[in-house]
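These protein sequence lines are chains A and B, in that order.
Following this note's numbering, the numbering of the first sequence begins with 1 at its first residue and continues without gaps.
Following this note's numbering, the numbering of the second sequence begins with 229 at its first residue and continues without gaps.
Hints were generated in silico from the structure; no laboratory data involved.
From the three backbone atoms N, C-alpha and C, an ideal C-beta is built for every residue, glycine too.
Here are the computed lysine-lysine pairs in the DSS-like style, where the Cα-Cα straight-line distance is at most 30 Å:
1) B/582 <-> B/498
2) B/448 <-> B/430
3) A/104 <-> A/76
4) A/153 <-> B/437
5) B/559 <-> A/84
6) B/448 <-> A/148
7) A/180 <-> B/437
Listing some non-contacts, in silico: residues in chain A with all C-beta distances to chain B over 12 Å:
8) 47
9) 137
10) 152
Label pairs and their computed distance ranges (CB to CB):
11) B/378 <-> A/86: 32 to 40 Å
12) A/57 <-> B/513: 39 to 47 Å
13) B/378 <-> A/131: 45 to 53 Å
14) A/206 <-> B/449: 20 to 28 Å
15) A/106 <-> B/423: 26 to 34 Å
16) B/580 <-> A/106: 34 to 42 Å
17) A/72 <-> B/487: 48 to 56 Å
18) B/487 <-> A/207: 26 to 34 Å
19) A/72 <-> B/353: 50 to 58 Å
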Amino acid sequence: MNNSAEILIIDDEVQIRKLLDIALESNGYKTLFAVNAKEGLTLAANHQPDLIILDLGLPDEDGQIVLKRLREWYKKPIIILTVKNTEDEIVKALDNEANDYLTKPFRTQELLARIRTALRNIDRNENEPIIKFGEISIDFTSRIVKLKNEILKLTSTEYNLLSILVKNEGRVLTHQYLLKEVWGNNYSDQTQYLRVFVAQLRKKIEEDSNRPKYIITESGVGYRFNTS
Amino acid sequence: MKSILRDIKKENQYLISIVSVCFVAILCWFTRDYLDYKIVGYLLLVVVSLLAAFLDIFPVLLSAVLSALILNFLFIKPYYTFHVSDAEDSLLLFLFFLIALINGVLTHKIRKAEKILQIKEIKVNTMKLYNALLDSLSHELRTPISTIMGSIDTIQSKTLTISEENKQKLYSEIEKASLRLNHQVENLLNMSRLESGVIQPKMDWCDLKELVYNVLDSLKEDLQFHKIVVVADENLPLFKLDYGLMEQIIYNLVFNASQYTPKGAKIEIKIQYNADIDFEYNPDKLMPCVITIADDGNGFPEAEIDKVFDKFYRLQNSKTGGTGLGLSIVKGFVEAQNGKVTLENKEQGGSVFKLFFPVPVMNIKEISNE
Chain A
1 MNNSAEILII
11 DDEVQIRKLL
21 DIALESNGYK
31 TLFAVNAKEG
41 LTLAANHQPD
51 LIILDLGLPD
61 EDGQIVLKRL
71 REWYKKPIII
81 LTVKNTEDEI
91 VKALDNEAND
101 YLTKPFRTQE
111 LLARIRTALR
121 NIDRNENEPI
131 IKFGEISIDF
141 TSRIVKLKNE
151 ILKLTSTEYN
161 LLSILVKNEG
171 RVLTHQYLLK
181 EVWGNNYSDQ
191 TQYLRVFVAQ
201 LRKKIEEDSN
211 RPKYIITESG
221 VGYRFNTS
Chain B
229 MKSILRDIKK
239 ENQYLISIVS
249 VCFVAILCWF
259 TRDYLDYKIV
269 GYLLLVVVSL
279 LAAFLDIFPV
289 LLSAVLSALI
299 LNFLFIKPYY
309 TFHVSDAEDS
319 LLLFLFFLIA
329 LINGVLTHKI
339 RKAEKILQIK
349 EIKVNTMKLY
359 NALLDSLSHE
369 LRTPISTIMG
379 SIDTIQSKTL
389 TISEENKQKL
399 YSEIEKASLR
409 LNHQVENLLN
419 MSRLESGVIQ
429 PKMDWCDLKE
439 LVYNVLDSLK
449 EDLQFHKIVV
459 VADENLPLFK
469 LDYGLMEQII
479 YNLVFNASQY
489 TPKGAKIEIK
499 IQYNADIDFE
509 YNPDKLMPCV
519 ITIADDGNGF
529 PEAEIDKVFD
539 KFYRLQNSKT
549 GGTGLGLSIV
559 KGFVEAQNGK
569 VTLENKEQGG
579 SVFKLFFPVP
589 VMNIKEISNE
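Assemble the whole structure, with the sequences as input and the hints as a guide.
So, in structure tokens, the structure goes:
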């Protein structure tokens with residue numbers, strides 16, 4: 001794991017910066033801090049950090065705009081940290097290509113887990129033919145999914161849904177995104193398909209489909225494939 | 229009725245006063261040969277008094293003047309002139325006008341006093357509510373803050389030597405206190421969202437079973453000593469509801485049950501729907517979706533059942549803390565989705581919260597076969 005990664009934190013709250021400084025440094029990360037959008041954009045450009053933690057409520061600029069401007073050139077993970085916990089705001093941030101989000105108050109362990117996942121995903125080779133998570137393995141070339149070494153019978157929709165979740169492991173995928181990717185553009189508001197197929201998929205891959213470990217619901221926002 | 233009439237526009241008030249005086253005058257005019265003009269005077273007085281009870285002062289004064297003129301013109305001899313020949317009639321007309329005026333003015337004054345009293349009453353009620361809020365807030369927010377500050381002081385103290393075990397205990401108290409604080413702030417934010425009327429439910433297809441288990445998972449610390457039962461069909465259809473609001477509703481109700489029932493109590497969450505429906509999906513057709521949350525604790529005191537959904541209401545002998553906001557938020561969120569919530573005690577002990585929503589329903593079999 002890449003623990004010497006450099007992380008840029010853009011947050012105007014001094015308490016949060018202090019907390020993150022201690023939490024991240026003691027976990028071996030290097031930290032950089034910016035107190036507003038302007039400073040954040042400059043630091044990001046000058047230092048090219050491995051990951052950015054961005055607060056949406058900045059004093060000089062709307063966080064969503066900062067996110068958009070960063071995404072014009074910055075390809076590495078951005079995790080949103082915000083007190084605005086409305087679904088609309090979160091979906092908007094994810095649409096603006098944030099990798100993940102956490103709402104304040106958050107647990108440090110949770111943030112560290114999200115950072116690890118986000119950094120792990122950069123290291124992964126995009127064209128890996130087989131991905132394994134715990135007892136599940138997916139072979140993308142032959143479209144075969146195995147659970148505990150036994151081949152799982154999945155419909156093609158189920159397979160498409162699972163593979164897109166797995167390929168974006170740890171990342172929150174919005175309802176709209178999943179519907180467009182799996183069912184097509186005309187289905188972006190037909191959430192019923194997603195609900196039903198997620199439930200079906202869970203019955204096949206989860207030990208207890210009522211207490212899922214892999215496909216996690218992000219309420220009102222979307223789903224996340226979780227392996228930590 | 230009064231309040232409706234008082235909201236009538238100014239112009240319409242004048243119109244009403246003119247029309248009603250004229251109407252009664254015309255009726256009397258037809259019966260002029262049988263009816264003494266003094267009786268007509270009394271009738272017109274009644275009209276003015278009635279108008280005074282509902283209308284503003286100026287339309288009432290207008291009706292007083294108008295009725296005096298009409299009485300003189302149409303009913304006091306000689307007819308069709310404003311001339312009064314008889315001294316007695318002059319006196320009568322003068323008295324009529326005076327009584328009508330006094331009547332109008334007095335009624336108006338009484339109403340004004342009444343209004344001031346009402347405003348005062350509202351003010352007193354707001355103050356009461358405000359005090360209740362301050363009471364519960366200062367208690368509910370200050371208790372965890374004191375815990376946090378006290379624990380930190382103890383840990384930081386240079387004169388004390390604290391065992392590692394006790395330190396761990398203090399850390400866990402700080403954690404619990406901050407979670408409690410967070411929960412209360414969440415409630416307050418939700419309450420103010422409700423109060424400001426900004427809640428616009430986003431109705432979308434919900435897998436209620438998933439939602440319930442999700443909520444139970446987030447409450448697992450509070451529920452570790454309870455027996456939890458979820459009753460729902462294997463092929464539960466999808467219901468069109470607001471996922472976020474539903475989560476809060478179920479969370480608050482289950483959390484409440486966990487706080488007010490003894491260890492080992494059973495909490496049952498049941499989702500029911502009309503199983504006979506032919507599942508031809510029709511977006512306009514609303515079907516009942518009923519969610520019950522029942523426990524086998526001690527139930528609610530019968531006398532207080534009606535009040536538990538009121539803002540800041542807390543049970544008389546409540547031992548656990550609470551702002552009294554949880555259940556009023558439930559009610560607000562349920563009603564925002566056109567639903568209803570009721571509370572009953574079970575005969576065999578314990579309480580049942582029943583949520584009823586009329587919603588579009590979709591059969592999942594139709595979709596999964598596609």
